[in-house]
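*Asks:* Assemble the complex: chain A is given as a structure, and chain B must be docked to it using the hints.
Number of protein chains: 2
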Amino acid sequence: MINKLVDKIKKQNAPVVVGLDPMMKFIPEHLKKAAFAEYGETLEGAAEAIWQFNKAIVDNIYDIVPAVKPQVAMYEQFGIEGMKVFQKTVDYCKSKDMVVIGDVKRGDIGSTSEAYAVAHLGKVQVGSKKLSAFNEDFATVNPYLGSDGINPFVKVCKEEKKGIFILVKTSNPSSGEFQDRLIDGRPLYELVGEKVAEWGSECMGDDYSYVGAVVGATYPEMGKTLRKIMPKAYILVPGYGAQGGKAEDLVHFFNEDGLGAIVNSSRGIIAAYTKEQYAKFGEEHFAEASRQAALDMIADINGALHK
Amino acid sequence: MINKLVDKIKKQNAPVVVGLDPMMKFIPEHLKKAAFAEYGETLEGAAEAIWQFNKAIVDNIYDIVPAVKPQVAMYEQFGIEGMKVFQKTVDYCKSKDMVVIGDVKRGDIGSTSEAYAVAHLGKVQVGSKKLSAFNEDFATVNPYLGSDGINPFVKVCKEEKKGIFILVKTSNPSSGEFQDRLIDGRPLYELVGEKVAEWGSECMGDDYSYVGAVVGATYPEMGKTLRKIMPKAYILVPGYGAQGGKAEDLVHFFNEDGLGAIVNSSRGIIAAYTKEQYAKFGEEHFAEASRQAALDMIADINGALHK
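Protein sequences appear in the order of chains A and B. All residue numbers for the first sequence refer to this note's numbering, where the first residue is 8 and numbers rise by one. All residue numbers for the second sequence refer to this note's numbering, where the first residue is 8 and numbers rise by one.
By construction, these hints were calculated from the structure, which means they are not laboratory data. A few of these clues could be false.
Intra- or inter-copy, both count: the list cannot distinguish identical chains.
To be verified - Restricting the straight-line Cα-Cα distance to at most 30 angstroms, the calculated cross-link-like pairs of lysine-lysine (BS3-like) are:
hint: 1; residue 1: LYS137; residue 2: LYS95
hint: 2; residue 1: LYS168; residue 2: LYS15
hint: 3; residue 1: LYS103; residue 2: LYS239
hint: 4; residue 1: LYS287; residue 2: LYS32
hint: 5; residue 1: LYS91; residue 2: LYS168
Just chain A, with the same shape it has in the complex (with noise of 0.2 angstroms):
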């Protein structure tokens, strides 16, 4: 699936994944009041709601952007029926040509963590069948539990073809509390983008690992040296946009094949209509602000880079 993304992200010249992480703030009335009229306000209206939203969006980008990343907390929240929206959006992704990279940041250890790469990668057994639950391309994973909670999902990318990315260090302000802290004169981040370099060198795709990390746009200094740490790793990086990452800052995130990273924009993308810059679109066009906001991000970026 790594060789995937890589090809797709070569295709459309796009190093781009939008964020679906549709908060019920930024949904449009108009679809917010058609699907309450359908379902009252209940959990299934909002799925609703939220559905319509998603499918509008992926409808005006699939073509020009190689990947999304629906933040699965946006939809757990709706419980049942939120859930099967998620399940509705990666389908409907993957039915686009579209790589999806589950945002689910799970980590536990043992059968544990094996139970999470099943369901979000892999096949679970039920009986004499394997059968899928949510059957993203790629999942995020939290490192805290150390190799017990890796190696499950390492073995499911291995045998679904499959991919991660790790946590290293996050976009937040407060991500420095502990992935800072020195140990032996260096942050816990750089020791982590090790083990990621170790854990990813067991599964490789053509030119990159199937384990990726996760590193924040708004730490570019810190990008630079895990680039030169993790040299296989792809590196999804949040961060851009709403955050304060610059295109500038992202260069270091890259390679000097100009491949390596993938850089995620959420509200920037899909809440582009209640921008200014976009305000021209309307709210009825919400998903054309999109598009237009997918476009420019990936000439910014592009600009940046080919500097």
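*Replies:* Same frame as chain A, now just chain B:
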């Protein structure tokens, strides 16, 4: 909810939580056969088998055990059908007045972390209504992202009078890879423990905080240190039994009031019938074997505590 947990532990004289981690291999053949006969070898069939298994165990332990800890990964791997049974299990245990600790180990930042908190402990806004999703009493949370990840949970805990257990030192062999690394001469888990005490000081119940910690039974010396660092945090202790933790090691996790810790056993209870010690019950009577194993565990721990 921490007050209710403490009350129940006192009343039942049982500082014990049963992990409802229903792996398919633990489920007796007759339950699987019946479920597959009705629904086929499908995710729905697996979910039905899990539900019948859980229900029988809960019916046999609710009067002697104060709390259950369903491990969501074991349900998530069966997709939507699995999550429905997770929800059904949570609801059923609450109807039996058990305290439910959702072992979800979620962790993200800002609005995403808030969405997870809402999903598992709070209420989500849908139009003019506030609705519940999974609605457990407690959830487990991963600290790797720092305060940005924890604060939204603390906010929801205050609003809803619910609680969290933050991973501090996990029970697995490789937990030391990151958690034990020395920072200014002290292991990372101690720093996380200090933050747990700090986060928890803001939302106190009568004697203990709504913010607890997870510390593995397999590391009793570290438990002793962490007990002192976080005197007001309830410690959820996994790793007893199957993972090697012994009752005499557990005393270090308790305060002098005989409270402050709740010990988890999962397969030791739910799969008791597969062990020689309880084989006499037979597979048909698996839930009675679970009851006996729970009684034995309570006696074992109380014996060590009152020595």
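*Asks:* Each hint: holds or not?
*Replies:* Hint check:
For the homomeric pair LYS137 and LYS95, the shortest alpha-carbon distances inside one copy (20 angstroms) and between copies (24 angstroms) are both at most 30 angstroms. Proximity of LYS168 and LYS15 under a CA criterion of 30 angstroms is satisfied intra-copy only: 16 angstroms inside one chain copy versus 47 angstroms between copies. Taking CA atoms no more than 30 angstroms apart as the test, LYS103 paired with LYS239 passes inside one copy only; the shortest distance there is 28 angstroms, against 52 angstroms between copies. Only within a single protomer do LYS287 and LYS32 lie at most 30 angstroms apart by alpha-carbon distance; the minimum there is 19 angstroms, versus 58 angstroms between protomers.
In this assembly of identical chains, the alpha carbons of LYS91 and LYS168 lie at most 30 angstroms apart whether taken from the same copy (25 angstroms) or from different copies (29 angstroms).
Of the numbered hints given earlier, the model fails none.
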